[in-house]
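**Student:** In case you want the letters, here they are:
There are 2 protein chains.
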Amino acid sequence: MSSTPVIYSTAHLAHEGLIELQDGVVMPCYEMPQRAIAIRQALKAEGTYRFATPLEHGLDPILAVHDVELVRLLEHVWADAVEAGVTHGTRALIPDTFRTAAYVHGQASSQLPDSGPARLGAFCFDTATPIVAGTYEAARAAVDVALTTAERVLAGDRLAYGICRPPGHHAGRSLFGGYCFFNNAAIVAQRLVEGGASRVAILDLDYHHGNGTQQIFWERGDVLYVSLHADPRRAYPYFSGHAAEKGSGAGAGTTANFPLAARTDVEGYAAALDDALRRIADFAPDAPLVLSLGFDTFERDPIGDLALRTADYARLARMVGGLGLPVVALQEGGYAIDAIGANAVSFLNALRDALPATAGKT
Amino acid sequence: MSSTPVIYSTAHLAHEGLIELQDGVVMPCYEMPQRAIAIRQALKAEGTYRFATPLEHGLDPILAVHDVELVRLLEHVWADAVEAGVTHGTRALIPDTFRTAAYVHGQASSQLPDSGPARLGAFCFDTATPIVAGTYEAARAAVDVALTTAERVLAGDRLAYGICRPPGHHAGRSLFGGYCFFNNAAIVAQRLVEGGASRVAILDLDYHHGNGTQQIFWERGDVLYVSLHADPRRAYPYFSGHAAEKGSGAGAGTTANFPLAARTDVEGYAAALDDALRRIADFAPDAPLVLSLGFDTFERDPIGDLALRTADYARLARMVGGLGLPVVALQEGGYAIDAIGANAVSFLNALRDALPATAGKT
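Each protein sequence line maps, in turn, to chains L and B. Under the numbering used here, the first residue of the first sequence is numbered 983, with each subsequent residue one higher. Under the numbering used here, the first residue of the second sequence is numbered 983, with each subsequent residue one higher.
Isolated chain L (complex conformation) (with noise of 0.2 Å):
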């Protein structure tokens, strides 16, 4: 058994400093270099792993899902306001005003600011997406991190795994938010796509509803999104992620979405999962599996509610890897620091041990 391949760049450790709202109340933003920093040292120590940097891929698989103007922007908002004065120094910006769908109803205006912070508005739809200096190089490492992570599958890797960070799966077609800046996950699907592949599925198993992948292939045939998450009636990003989300168009019929209750544990979890994997495999995917992979179910996470245990990992792992198809998993979120390692080295160690080697090409 070769060792698995694990994409990792630096870049990510200047998206620091962050702060977010929760409520009305300013805190240490949950998302932090520190997860990162911990699955890569977890991974190291397990000894299995090889790692390697990503290769730059340029912008345009980003343009292949994101509007021009959300990438402009964050390209250039952290120097426009630093140029304008409007950064207070090294504080992370953030959004005041939202141009939300109750707003803009009925009003014909489409015109948005031309910069600055105010401009965020209309791309951002929360509070906790922080944007520092070193954002926007992140984030940009983070797609090279993936689109790398899917080379090496497609090289002959059964699994490869991609410490994609910030993540992916809320930023949508001209929006931000959720910690996510470009989809990661959507953007090596398109990537597939347009390598050929006829039929890709995406598999979200992080705690949030990925809305922003789910907005991306809305109304496509030839992504499958599946997404297991808690039930948006209670929790982020709450308006999107419903059982009868399915899409529409020449996408009707290739969303999924399996909500959970509050503390749902590993049965009640491998149960959706099943059906999930169903329905994948009706699918039948001509590529590998892209995995959003995100650790936030684990039972002591701090902004989750599930019930999950490091050792669940494996076991739901092992159900992933029962699809014979060769797995691009790319971190999303999750914030136990102190479990985040050996939950992903569990999950990692298993599905690698669980995907046959007929799965690869080598």
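In case anyone wonders, no lab produced these hints; they're calculated from the structure. Backbone N, C-alpha and C fix where the C-beta goes; we use that ideal spot for every residue, glycine too. Be aware that a few hints might be false.
[To be verified] Covered, in the sense of this in silico footprint (three residues per stretch, anywhere, with C-beta under 8 Å from a C-beta of chain B), are these stretches of chain L:
#1 1021 to 1032
#2 1081 to 1087
#3 1106 to 1115
#4 1311 to 1325
Following the hints, position chain B against chain L.
**Tutor:** Below, chain B without anything else, positioned relative to chain L:
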């Protein structure tokens, strides 16, 4: 010359202890009880204003312009939050996740969280509009103040003034924000229509665009909305208020926006007001003028950037009086506490003097 009625309720005093979040920084809310207290004291000292408390008008006038879901949310969200233990004592409720247009674009779900702060993010559009225990009663009382003010004018006073707090013009059909919960001016305008008027004009002189008022009457030909305000390309609420926005359907041409450059002084302001008043005169209202009166156009306003001085308000008021319409003046913004009383006296004294005696019925 008889004294001018001023309607005031102490219910606003319980809408206090407020914070707001600007660009990720927590600060005391600019919209504070001292605003209304200072205005009342200045008018009391003037000696030519007679004070009265509002009559209760119930929910029907509110439901004539707002969706019932908004009303119910504002009525219950604080108690729900207390019950759910999410208020952290007495601090204000401020949403952290917003149902933005870019989020819901291309996704079918309109299901919302049943209750609690998460539901706020579908109705509120900023982090500056905190809810505390006394907010709903204060907002209800502000509506009663506005309606009672209108009734004084309908009963024959040429001018009546309502010290509405919280203000109203940012509140839309299913929308609150910008320190506003119910749209006091829109509720009055609608009441005038229901009372038999066929053409009602609202003049909005607040520093900020009254996006809520515009939205409510966007497709209405019987209510003209005319607003002078800071250009939304630089100023809150950012996503409406451009000159190109003119209404649609039956309301095509009955919205008129006059965005103003930073540091606009009384000369520039008066030039725009002259155009605005001509629009109103051409519309030929058959009801009192509804005046959304903000003093955040003042040169030292902490959140404005225009350059009006206290004496300037008298000049502008004389221009408004030149319309020859009786005036229902309703307080909107204005955050320079030390000057807001003098500014109100300057404006109201001059407006009263300018109104022709024939405008009223007595």
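**Student:** Identify every previously stated hint that the structure contradicts and give their numbers, smallest first.
**Tutor:** 1 and 4
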